[in-house]
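**Student:** Spelled out from the first residue to the last, the chains are:
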Amino acid sequence: MGDVLVFAEHQQGKFPKSSLTAILAGQELAQKRGGKAVAVVASDNPDSLASELAKYGCAKVVALAHPALKNYLADAHAQALAALVKSSGAEYVLATATAMGKDLMPRLAARLGAPMASEIVAINEDGTLIRPMYAGNALATIEMDGPVKVVTVRATAFDAAKPADSPAPVEKVNAEIDGASARMQFVAFNQTKSDRPQLIEARIVVSGGRGLKSGDNFKTVLEPLVDEMGAAMGASRAAVDAGFVPNDLQVGQTGKVVAPELYVAVGISGAIQHLAGMKDSKVIAAINKDEEAPIFSVADYGLVADLFKAVPEMVQEVKKLKQS
Amino acid sequence: MKILVPVKRVPDPATTIRVLPDGSGIATDNVKWVINPFDEIAIEEALRIKEKQGSGEVVLAAVGQQSWQEQLRTGLAMGADRALLVRTDAALDTLAIARLLAKLAEDQKPDIIILGKQAIDDDSNQVGQMLAEMLGWPQATFASKVEFQDRKCTVVREVDGGLETIGFDLPAIVTTDLRLNEPRYASLPGIMKARKKELKEIPAESLGVDLTPKLKIKKLDPPPKRQAGRKVASVEELVQVLHNEAKVI
Chain A
1 MGDVLVFAEH QQGKFPKSSL TAILAGQELA QKRGGKAVAV VASDNPDSLA SELAKYGCAK
61 VVALAHPALK NYLADAHAQA LAALVKSSGA EYVLATATAM GKDLMPRLAA RLGAPMASEI
121 VAINEDGTLI RPMYAGNALA TIEMDGPVKV VTVRATAFDA AKPADSPAPV EKVNAEIDGA
181 SARMQFVAFN QTKSDRPQLI EARIVVSGGR GLKSGDNFKT VLEPLVDEMG AAMGASRAAV
241 DAGFVPNDLQ VGQTGKVVAP ELYVAVGISG AIQHLAGMKD SKVIAAINKD EEAPIFSVAD
301 YGLVADLFKA VPEMVQEVKK LKQS
Chain B
1 MKILVPVKRV PDPATTIRVL PDGSGIATDN VKWVINPFDE IAIEEALRIK EKQGSGEVVL
61 AAVGQQSWQE QLRTGLAMGA DRALLVRTDA ALDTLAIARL LAKLAEDQKP DIIILGKQAI
121 DDDSNQVGQM LAEMLGWPQA TFASKVEFQD RKCTVVREVD GGLETIGFDL PAIVTTDLRL
181 NEPRYASLPG IMKARKKELK EIPAESLGVD LTPKLKIKKL DPPPKRQAGR KVASVEELVQ
241 VLHNEAKVI
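Protein chains in written order, with the numbering used here: chain A, 1 to 324; chain B, 1 to 249.
Some hints could be false.
[Claimed, not checked] Derived DSS-like pairs: lysine-lysine, alpha-carbon spacing no greater than 25 Å straight-line: (1) 247(B) - 322(A); (2) 213(A) - 231(B); (3) 231(B) - 32(A); (4) 162(A) - 193(A); (5) 216(B) - 86(A); (6) 50(B) - 289(A); (7) 225(B) - 279(A); (8) 32(A) - 219(B); (9) 219(A) - 319(A); (10) 225(B) - 70(A); (11) 279(A) - 152(B); (12) 32(A) - 218(B); (13) 219(A) - 60(A).
What the hints contain is simulated information worked out from the structure, not anything from laboratory work. Small disclaimer: the values here were computed from a predicted structure and weren't measured.
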C-alpha cells in the first residue's frame, strides 16, 4: 500500500524538467502515504534512459520494453502501464500533466477502473489532493476511493527532483501489449523550431495579446524583447484565436500553465482564462494602453502605455542594463 | 458517417465564478449556462464532416439534468439531427460519465465520437480518453485537423513543442482543440427546426452502469488573491524596478 508508480516521459532521448517534477511529486505522495516511489520509463530500447532516470532518487526504476513503445501512442502505453500497475500492487500512478500525460493517464485510469485527479497542485498530509477548477477560480479538495488511483500533477506546482547520492536499481520488464494496439499508428512529428527556452520551463516569459494586432507584429515588435530578455514567448488565447501565433504558445486555462520568475504581459487585457495560466508567476509586469485592463489587478508592476512605443524602448533599456 | 457528439452544460466562460462561503459548490445565481466551448467545436466539426460527405447523421449526447435540454436544443439548432439526454441528478465522476457514454455508443454504433478535450468547469480533460479505452477504440486528443479516406482517419494533434500526426481505422474517438474550427451560430430557421427534432430522454439507472463516484470533491476554496501592485511611469522605471527591486532581470 502507498506505493507510487511515476511515469517519466522522455523526449528525444532525454527527460524534460516536467518528468523530474513528476518524480519529486511522486516521492512526496509516497512519503505521505507510507510507500515508496518507483519511476517507470517506457521505450523500445529503454536501457540508457533507465540509467539516466536511476540518478533521481527513486526506490527503483522499471524499464518497460516493447517494440510497440517506440513512438508514444496512448493505447500501447496504457496497456503496458496497466499490466505493470497490477503486477506491482502500486496504489497510485502519477505523471505530469503534459500533452502526453493528459492523453495517456485517463485511458490508463479507465483500463484500471480507477478514479483520476487531473493537474493537482498540492498533496495534503491526509492523502487528499488539491486541484484547481473553473479556470483556477476554485481549489477543490479531492478524495479518491479504490485500490488504485491515477494522478497528474501541474508542472509548475512542484519542484524538480535532483540527482541523489547513489543510483536506484533498474529492473527491465518486457511489456505486455496486445496486437490490437497496432490500430493506432504514429505518422509524423513536426517540431516547432525554436532556440528559445521551453514555455513551461523558462525563467522569464514574455507574452503578447490581441494588442499586438498581427502575427507580423509578434515577429517585429515582441520577439526582439523576448530574445533580448532570453525569455520564452507566450500568447493569450485571443492572439491564438486571431491566428497571430500557433496554439502551443497559448498561456491559460486551456493552454499552458506557467509560473516563471518574471512574466511580462504585453497587450493582454487579462481575461480570467489567461490569468488562470500565469497568476502564480513570481513577478508579473504588464504593459497595456487601457489602464482599466484586468491584467493590472494581478500585475506587480503596471505600465499604461502604447506597446508599439514601449516595447522597442524596453528592448533598448534591457540592452543598456546588460551592458552596465 | 454516423457521428456521436457528447456535450456538457457549463457556466459561460465570461462568468465570474464565486465559491460559496460553505465550500459546497459555486454560486449559480446569475450564471448563464452554455455548451462547453470545446464541445461546440466538436459539433461544428461533426456538421462539417456530414456536409462534406453529403450524408450521415450527427447525434448529440449528454449526461445530466433536465435543464441540459437547453444546450442540446442549441446544438440541434446548429444543425445536429437528434439528441439523447441520459437523465440523472446525481453528481457523477468522469468514470461514470464515460461508462454511460460507452453504453450509448454500444447502442448507437457511431463511426466516430467527437467531443471537447476538456470541459471548462472542472477542467479534467478525461472523458474522451476514458471512453476510448472502454470501447477499445483508437483515440486522437487535442485535434487541430481531422481528415478521412474511406475508413481511415488522420488527425493532426496539438502536442508540446509541435504538431503530431497519427492515423487509425474507424471507429475512433477524437477530442477537439481550439484551432480545429470556428463554430457557427444557430440560425433562426435552425432554431425553428430544432424544436421539432427528436430529443430523447433515457434514465441513467436504466443503462445498468455503476454510478457510485470513486472521486469526491470534499470542498471548494477560493484561490489565494494576488495583490495588485503599482503603476510605473515609464519603461525606464519598469526596467529599473525589475532589476533593483524585484531582482528578476
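**Student:** Give a verdict on every hint.
**Tutor:** Structure-based check of each hint:
1. Restraint check: the Cα-Cα separation between residue 247(B) and residue 322(A) comes to about 13 Å, which is no more than 25 Å; the hinted pair holds.
2. At most 25 Å may separate the alpha-carbon atoms for a hinted pair to count; residue 213(A) and residue 231(B) meet this at roughly 24 Å.
3. A hinted pair counts as satisfied when its Cα atoms are at most 25 Å apart, and residue 231(B) with residue 32(A) does not qualify at roughly 43 Å.
4. Between residue 162(A) and residue 193(A), the direct Cα distance comes to roughly 28 Å. Violation of the 25 Å bound is thereby established for this hinted pair.
5. Restraint check for residue 216(B) and residue 86(A): the C-alpha separation of about 24 Å stays at or below 25 Å, so the hint holds.
6. Note on residue 50(B) and residue 289(A): the hinted pairing is violated, with a Cα-Cα distance of about 45 Å set against a maximum of 25 Å.
7. Note on residue 225(B) and residue 279(A): the hinted pairing holds, with a Cα-Cα distance of about 10 Å set against a maximum of 25 Å.
8. Under the criterion of a C-alpha separation no larger than 25 Å, the hint pairing residue 32(A) with residue 219(B) is consistent with the structure, at around 21 Å.
9. Taking the CA atoms of residue 219(A) and residue 319(A), the gap is near 18 Å; set against the 25 Å cutoff, the hint holds.
10. Simply put, residue 225(B) and residue 70(A) have alpha-carbon atoms about 45 Å apart, too far for the 25 Å limit, and the pair is violated.
11. Between residue 279(A) and residue 152(B), the direct Cα distance comes to roughly 43 Å. Violation of the 25 Å bound is thereby established for this hinted pair.
12. A threshold of 25 Å between alpha carbons decides the hint, and for residue 32(A) with residue 218(B) the separation of about 19 Å falls inside it, so the pair holds.
13. Between the alpha carbons of residue 219(A) and residue 60(A) the distance comes to roughly 46 Å, so the proposed pair goes past 25 Å and is violated.
Hint compliance for this structure: hints 3, 4, 6, 10, 11 and 13 are broken, all remaining hints hold.
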